[in-house]
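Engineer: Below are the chains, spelled out letter by letter.
There are 2 protein chains.
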Amino acid sequence: MVGSNGNSSIGRLYIVGIGPGYEEHMTFRAKQCIMDSNIVIGYETYIDLIRHMLDGKEVYAYAMTQEVDRANHAIDLASKGNIVSLVSSGDPGIYGMAGLVYEVLAERDWDGMNPYVEVVPGVSALNACAALVGSPLMADFAVVSMSDLLVPWDIIVKRVEAAAQGDFVIVIYNPQSKKRVHQLRDTRDILLKYRSARTPVAIVKSAYRDSQSIVLTDLEHMLEYQDHLGMLSTIIIGNSSTFIYKGLMINPRGYKSKYELVREQV
Amino acid sequence: MVGSNGNSSIGRLYIVGIGPGYEEHMTFRAKQCIMDSNIVIGYETYIDLIRHMLDGKEVYAYAMTQEVDRANHAIDLASKGNIVSLVSSGDPGIYGMAGLVYEVLAERDWDGMNPYVEVVPGVSALNACAALVGSPLMADFAVVSMSDLLVPWDIIVKRVEAAAQGDFVIVIYNPQSKKRVHQLRDTRDILLKYRSARTPVAIVKSAYRDSQSIVLTDLEHMLEYQDHLGMLSTIIIGNSSTFIYKGLMINPRGYKSKYELVREQV
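Chains as they are written, first to last, in the working numbering: chain A, 5 to 270; chain B, 5 to 270.
The reader is advised that the hints may include incorrect statements.
Said to hold, decoys possible - Within a straight-line C-alpha distance of at most 20 Å, the following computed DMTMM-like cross-link-like pairs (lysine to aspartate or glutamate) qualify:
no.	chain 1	residue 1	chain 2	residue 2
1	A	K250	B	D40
2	B	K250	A	D113
3	A	K250	B	E62
4	A	K35	B	E122
5	B	K250	A	E27
6	A	K35	B	D171
7	B	K250	A	D115
8	A	K250	B	E122
9	B	K197	A	E165
10	B	K35	A	E27
11	B	K84	B	E48
12	A	K162	B	D115
13	B	K250	A	E111
14	B	K162	A	D171
15	B	K182	B	D171
Because the hints were derived from the structure by calculation, they are not lab data. Computed from a predicted model, the values in this text were never measured in an experiment.
All chains, full assembly: derive it from the sequences and hints.
Structural biologist: Put into structure tokens, the structure is as follows:
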């Protein structure tokens, strides 16, 4: 149908990360892909965030639980020669739609070429939250999702234990929901076996949106902020080197003894 | 001097991530900060990538080993009321300049307000490389830097062991340099104790630049690609669920048995 790739019969499927919040932290490539598409598909909340870019396009806004339908629908449309953007917040390559789309394509015996598929990376929650709270990701870090809908809880527990043993800074995606609360409590209990109760913890909700909230607390007190814990929150838990200064959560980039921080004044 | 924040005496220091490669994967916020600055500071390679945006600005291009000088210089200039962008590739919040700037500020008894400091997140190597090779980061992952200039090697070894035990997908930053080669070899040896020699490995060099190269291999063969391993490379090592399909490295988003991939055709 439409085609800027020189072959009018091959459709394109862009799996686009629009970053956190509004347009400011979107990449130029993400916007270009959306503008070039004749069809845009996404979870309704994400569609609303970019509504002003969608004039004249065919738009499909899905409810949150229909990921498999969304992926199949996008593939169906791109297979017919359309240019389709499947949009999501953050980075579709981090716990996002990229994996599901490729899984479905493999199941459907995709030839690897038609439709053309491109993952457009974005600023994920880990990048956004780190920037908002200071510089917690200067040290090695582990990223763990608390969602046990698709992964057995004992595997997640094993990962939390391993991350704690390795003194990793830990970024937690999907910390809890209304129905899912023991996971974060259990995780905190595991971490307290390895880390001081004073270990800095940042809870960021709705990064870069109007409703953004940031709480800086510690392992001991983190569960007291229930209003800030939910589907839109990300948590960063410090390691043994993390410190707080002027309301910021800072990890040094190494071992201070190895370098001088203040230059001789000329 | 210059000031868009309503207080002409307070300088601003933007720590800006320009993303991988060229302008395409930069965010709108990153470009805006650079355009608003009267002074731009950075490692010379990054300055060259954005040279076309710098007309009329005071520009300081540093050699790579002068990070502490660069941070102090940027703080000095912002403290005098300038609007300064300290630029780096990727995301300055991930093993980047953000941590060093805050460390230096703390050392200099910064009051937390003057200069105003903002970290502008970007698409880091982990986001970029994941997008280029498929969807490896659908599962929990650990990010480890092989650089032992500032972190003792025995700590890094402990982290690799922990990440291996936790069946994390592993993203390796700074895998090796001309003088630093045993680290990646040792890491591979550790991983082979826990993972199959057939575990998929992606080596991405210079993501989204003209010289970009992508190698898809496995734990057994990864060290054979010495031309692709260096300061500009990032490595992604799969976990027990990672598979290869049509030249892509894919992690399922969970356990396939838990959901149906192909929708009933209507």
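Engineer: A separate judgement is required for each hint: does it hold in the structure or not?
Structural biologist: Against the structure, the hints:
Straight-line distance between C-alpha atoms of K250(A) and D40(B) comes to about 26 Å, which puts the hinted pair past the 20 Å bound. Taking the CA atoms of K250(B) and D113(A), the gap is near 10 Å; set against the 20 Å cutoff, the hint holds. This hinted pair does not check out: K250(A) and E62(B) have alpha carbons roughly 30 Å apart, beyond 20 Å. Our distance criterion of 20 Å between C-alpha atoms is broken by K35(A) and E122(B), whose separation comes to about 24 Å.
With a C-alpha separation of about 33 Å, the suggested pairing of K250(B) with E27(A) is violated against the 20 Å cut-off. For the suggested pair K35(A) and D171(B), the alpha carbons sit about 35 Å apart, so the restraint of at most 20 Å is broken. A hinted pair counts as satisfied when its Cα atoms are at most 20 Å apart, and K250(B) with D115(A) qualifies at roughly 7 Å. Restraint check: the Cα-Cα separation between K250(A) and E122(B) comes to about 14 Å, which is no more than 20 Å; the hinted pair holds.
Distance check on the hinted pair: K197(B) and E165(A) sit about 19 Å apart at the alpha-carbon level, within 20 Å; holds. Between K35(B) and E27(A) the CA atoms are separated by roughly 13 Å; this keeps the pair inside 20 Å, and the hint holds. Restraint check for K84(B) and E48(B): the C-alpha separation of about 24 Å exceeds 20 Å, so the hint is violated. With a C-alpha separation of about 41 Å, the suggested pair K162(A) and D115(B) falls outside the 20 Å cut-off, and the hint is violated.
For a cut-off of 20 Å, the pair hint linking K250(B) to E111(A) stands: about 12 Å separates their Cα positions. Restraint check for K162(B) and D171(A): the C-alpha separation of about 9 Å stays at or below 20 Å, so the hint holds. Distance hint between K182(B) and D171(B) is unfulfilled; the C-alpha atoms sit about 30 Å from each other, more than 20 Å.
Violated hints, listed in ascending order, are 1, 3, 4, 5, 6, 11, 12 and 15; each of the other numbered hints is respected by the structure.
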